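Chain by chain, the residues run as shown.
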Amino acid sequence: MALTEELAKKMYTDMWRIRMFEEEANRQLGLGNVVGALHLYCGEEAVAVGVCSNLRDDDYIVGTHRSHGHCLAKGADMEHTMAELFGKADGTCSGKGGSMHVADLSLNILGANGIVAGGLGPGTGTALASKIRKSDQVSVCFFGDGAAARGTFHEAITMGALWNLPVVYVCENNGFQQWVRRETVAVVDSVATMAGSYGIPGVSVDGQNVVEVHEAVSEAVDRARRGEGPSLIEARTYRYFGHSPGDLEEYRTRDEVEDWRTNRDPINTFRAYMEERQWLTEREDEEIQEATSAEVTKAVKFAEDSAVPGIEEALTDVVDTAWRVEA
Amino acid sequence: MSTITFRDALHSAIHEEMARDDSVFVIGEDVIAQGGPYTVTEGVVDKYPDRIFQTPIAEAGIVGLGVGAALAGMRPVVEIMYLDFITCAMDEVVNQAAKMRYMTGGQASVPIVIRLPCGLGRYVAAQHSQIMESWFMHVPGLQVVVPSTPKDAKGLLKTAVRSPDPVMFMEYKRIYTSEGEVPDEEFLIPFGEAEVKREGEDATVIGIGPMVGKSLEAGVLLEDDGFDIEVVDPRTLSPLDTDTICESVRKTGRAVVCEEDSSFAGTGAEIAAMIAESCFKDLQAPVIRVGMPHVPMPFAPSLADSVVPRVDDVVDAVRRVIA
Ligand SMILES: Cc1ncc(C[n+]2csc(CCOP(=O)(O)OP(=O)(O)O)c2C)c(N)n1
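Taken in sequence, the protein lines are chains G and R.
Just so you know, our numbering puts the end of the first sequence at 327, numbered straight through with nothing missing.
Just so you know, our numbering puts the end of the second sequence at 323, numbered straight through with nothing missing.
Just so you know, these hints were derived from the structure itself, not from any lab.
Treat the hints loosely; a few may be bogus.
Lysine to aspartate or glutamate pairs mimicking EDC-like chemistry, simulated, CA-CA at most 20 Å apart [as the list claims (entries may be wrong)]:
#1 R:LYS197 to R:GLU247
#2 G:LYS9 to G:GLU284
#3 G:LYS131 to R:GLU247
#4 R:LYS47 to R:ASP30
#5 R:LYS151 to R:GLU201
#6 G:LYS298 to G:GLU228
#7 G:LYS10 to G:GLU295
#8 G:LYS9 to G:GLU282
#9 R:LYS47 to R:ASP91
#10 G:LYS134 to G:GLU284
#11 R:LYS251 to R:GLU223
#12 G:LYS298 to G:GLU23
#13 G:LYS131 to R:ASP243
#14 G:LYS134 to R:ASP22
#15 G:LYS134 to R:GLU179
#16 G:LYS134 to R:ASP50
#17 R:LYS151 to G:GLU295
#18 R:LYS197 to R:GLU179
#19 R:LYS281 to R:GLU247
#20 G:LYS10 to G:GLU212
#21 R:LYS151 to R:ASP8
#22 G:LYS131 to R:ASP21
#23 R:LYS47 to R:ASP84
#24 G:LYS131 to R:ASP22
Because the structure is a prediction, the values reported are computed rather than measured.
Chain G on its own, in the form it takes in the complex (with noise of 0.2 Å):
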């Protein structure tokens, strides 16, 4: 998808999105509001926003442990998700699937998965039901480098190149998996080289880039609409925040995180971009941020004033009672 400037507008807005939802789960987390694991996107902005800048509301994306960012880059309402992060009953899975499980299947957003490489079989199986129903769509598997490490992997992605499935893999190759550098535990440094494996393309881009991180899905979208297959894509990329709470991060120093923020910052990198084409006034720089922040502000009331779910709640949804078939 060409990168016009209305769309590098939405696309800047929807960084700023993930970010101040991010910065202020975290503050609920604090307050007590949100409880459990919370992996935060901080940092990794370009990536989400890159991939799904080209996507349409019926492509389907799956997603990892660590998948605010994707759901509301694919349009998921803030307000809901704010909810579900809760435990509310307004949530977009009315409280039952938390962080970790954020979903949205009105918009194909088949949700985040708990299990490190769980939605790689799923979403290539996503592609194979397009392919089956010859229809259009191309699927999206976002999944973390060390997802890579999983059998899963290989037995997902050797099965969308065989059968040519319209799926884009997506690896966010943020250099840690856990507490614990990629470089200690990896034994190839660039996951887009597995590609190579499959016999599919494998481009490595830099995920602090929204730009390079667009373009390159654009052409694996394209590419797999057309029924031409798969892609892999590495964006590397670099997360803010600890693994998730509890994380004593002794893996890396604090200039490590600092020079990120400052040098390699995804949102200001984007800023200048738009800024050299004349694409971003500071007006319209401040306007859009001003929207966001009162977003997440409305998004947090939302979630507030949500009631708890019923108790009664705990038992529905296992399978659908309703269903019957008659003898």
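Based on these hints, arrange chain R with the ligand on the given structure of chain G.
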């Protein structure tokens, strides 16, 4: 009515459902070559070449793709060559398929059928003879279906394909060639409805899968003792038709639960506990379980045959429960 084999019943169920609904497709290892080891998907490729996928040997991938296709509105019928290999895809079964509806607050439906040839067949030892029904029963969100006759096999598989939730479909290898009467017209068998396969007054024998046939044979032998047993076939273990089982136990006052799998922490344990909780005052003797000892399946035919419950074991158990 026509007399056909259990395998033919499954074969025709798949062909009928694929003809009825374009969203049904088959995926698995060797499902085109020979129609799988038990030829159940034979001929599908000729009629529906775009709806059958012969996969590499990648069980986690196969079930994972099935889950995704189901989320996208398709109805995959997955064949796992031998049930034992489902352990390679337990994440996809337990964490993905079974939990999607719940975790998404009811948004997602995963209408996947996983066909599982199971139990002792030829003598192929410990990694090709397992049953594991109770593993699946323990997972909320999975339906566990165990046909014992060609008629049940056909009616239950057709229902499984139409179900909006995941189905673990148990196919005991030793009964693929068994024969039985199957209606010629279209029919479905609802889940959660046990069938009383023989009526009797003196004891209730609950049989799972091939133990239904063995219990019926035991019933004939026990007539010589003057004992008239009732044989109940749950047909689906999850959901479990506790009403029919309890009604029978209340009538006879005695219960024997028979399975081919290990009794320890097994299907029979659940059913026995349920009977004890619901019908304690109607029982005239403790519930007896018949099952395999808690060992892996041995290879040597002499050993394998010694551990899988036989007709004699049912006869024995009934005599003990009545004595
Ligand atoms: C199968 C499985 N193993 C372990 C975990 C625990 N865990 C959650 S996230 C994570 C690290 C994942 O690293 P990566 O895939 O690179 O993603 P990132 O967190 O860097 O975004 C681990 C070990 C899990 N959720 N699932």
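*asked:* Need the list of violated hint numbers for this structure, in ascending order.
replied: The structure conflicts with hints 3, 5, 6, 9, 10, 13, 15, 17, 23, although it agrees with all the remaining ones.
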